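Here the numbering used here is used: the first residue of the sequence shown is 19, the next is one more, and so on.
Be aware that one or more of the hints could be misleading.
[To be verified] Taking CB as the label site, the calculated pair distances span:
1. Gly85 to Asp413: 32 to 38 Å
2. Arg230 to Tyr350: 44 to 50 Å
3. Ile32 to Ala244: 23 to 29 Å
4. Val56 to Glu23: 45 to 51 Å
5. Val56 to Pro104: 23 to 29 Å
6. Arg26 to Pro104: 48 to 54 Å
7. Pro354 to Trp34: 44 to 50 Å
8. Glu349 to Asp55: 47 to 53 Å
The set of hints was computed from the structure by calculation and includes no laboratory data.
Remember, it's a predicted structure, so these values are computed and weren't measured experimentally.
Backbone N, C-alpha and C fix where the C-beta goes; we use that ideal spot for every residue, glycine too.
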Amino acid sequence: MSPEEFRRHGHAAIDWIADYWEGLDGLPVLSQVAPGDVRRMLPAEPPEEAETFDALLADLDEIVVPGLTHWQHPRFFAYFPANSSPAAILGDLLSSGIGAQGMIWATSPAVTEVEQVVVDWLAQALGLPDQFRLTDYGRGGGVIQDTASTATFTALLAALHSATNGTARDSGVGTTRWTVYGSSQAHSSLVKATMMAGLGAECVRSVDVDPRTQAMDVAAFERLLADDIDDGFTPLFVQAAVGTTSTGAIDDVQAVAEAMDGVGAWLHVDAAWAGVAAVCPELRDRILGGAHLAQSIVTNPHKWLLTTFDCSVLWVQERSALTNALSITPEYLRNPASESGAVVDYRDWHPQLGRRFRSLKLWAVLRTYGLEGLRAHIRSGVELAEHFAELVRDDERFELVTEPSLSLVVFRLVEGDEATLAAMHRLNASGTAYLSHTVVEGRAAMRLAVGSWRTTPEDIDRTWEALQQAL
19 MSPEEFRRHG HAAIDWIADY WEGLDGLPVL SQVAPGDVRR MLPAEPPEEA
69 ETFDALLADL DEIVVPGLTH WQHPRFFAYF PANSSPAAIL GDLLSSGIGA
119 QGMIWATSPA VTEVEQVVVD WLAQALGLPD QFRLTDYGRG GGVIQDTAST
169 ATFTALLAAL HSATNGTARD SGVGTTRWTV YGSSQAHSSL VKATMMAGLG
219 AECVRSVDVD PRTQAMDVAA FERLLADDID DGFTPLFVQA AVGTTSTGAI
269 DDVQAVAEAM DGVGAWLHVD AAWAGVAAVC PELRDRILGG AHLAQSIVTN
319 PHKWLLTTFD CSVLWVQERS ALTNALSITP EYLRNPASES GAVVDYRDWH
369 PQLGRRFRSL KLWAVLRTYG LEGLRAHIRS GVELAEHFAE LVRDDERFEL
419 VTEPSLSLVV FRLVEGDEAT LAAMHRLNAS GTAYLSHTVV EGRAAMRLAV
469 GSWRTTPEDI DRTWEALQQA L
């Protein structure tokens, strides 16, 4: 493909995306295809001869789009949003065009240093304590991971390294009976992290939650912690959830930290979805109060902060815990800059060696929206969720399961589980909107999570009307 052909096809690709966005409102949110439909429309063998890029775009329309669930649709309310935005897409495109490998500073200094500045910017925007920033090469700092699951795993490895004074990386976890804690609503990645770290899923302690708020019952946590210590276990890692997947519950980080005072375990805050809402000062104390007591914090700009997947930011108070746990330097990576100690090599901050120029898309979002624009986006999501919650409150057939958490509403039909799930499935099958479900205190519920920059009050009203028709 010549430069001129690339320019022409590039324009066509951007036009395709713009047309896709413009037409989203008329598409069913949930894909309507049956298993195997897309695969049967694709050739079983790769082409021997080159095909035109125009042919690929045509197949996007005819084969791929019908098989998509449209996460950027204004009435996609399932799970949590996986935001994209024009600025983020262009930033990601630039990153792909540059094609730099940022595993160490020397392989592309700008990849490292732009990321350092951008994650410090985000820390400031969220009101994180200074100890989480890399400014002036302090002890802490942030790094862009692919997902919060990887960030949690990375934090657990750092905790294990710290707790064993470095012996775990050479000799394994040993015979110590480690324990890891999270509420019963903690993300499944916590269990997966212990499996990958060789600790085993049985080391995870599931802490009861307050039935009303679904947040961790700190008194129950204290009792569990004390019992484990009495039984000869060694607490290693505690995860406080800030915005659980099921209901958006927010654990009291301050109280959790105080309950584990003197125990020596690592406190990790999983704020994957909700953390970015701290760009709004009025929400900050609720979301990140007590964060100064944590050793690590993760949040995902790719969920609710308009940044194309994947972009998850992990901050630590003591970056040496990461680098000492994960640094391996074969001869082919040795270079004067790294050996001088004057630079950061981000390949030591996560399990992967290779790394993309992810910071470009977050940089683009922060610069083109500004903090004012990002706050307006977050506040809009909160307001739209409250609008939907009012509709629920005003209809005696429905009830809120928990009070709305930021932009998440969890609700159900009073009639019961079967009616609740049947209504949700009919709504989803209609293509008008897409909701997901959960189980809270043994009862089924629907979840409506607002997050798209395209969602309007009219989309909320249209979803509510479609739900009435699905009863």
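Cross-check of the supplied hints:
A beta carbon spacing of about 35 Å between Gly85 and Asp413 agrees with the range 32 to 38 Å that was offered as a hint. The hint said 44 to 50 Å for the Cβ distance between Arg230 and Tyr350, and at roughly 57 Å that hint is violated. In this structure the supplied range 23 to 29 Å is violated for Ile32 paired with Ala244, their Cβ-Cβ distance being about 59 Å. Taken as a hint, the range 45 to 51 Å is violated for the pair Val56 and Glu23, whose Cβ atoms sit roughly 28 Å apart.
With their beta carbons about 27 Å apart, Val56 and Pro104 fall inside the hinted range of 23 to 29 Å. Arg26 and Pro104 have their C-beta atoms about 21 Å apart, which leaves the hinted 48 to 54 Å range violated. Range check, Pro354 to Trp34: about 46 Å between beta-carbon atoms, so the 44 to 50 Å window is met. Judged by the Cβ atoms, the range 47 to 53 Å given for Glu349 and Asp55 holds: they are separated by roughly 51 Å.
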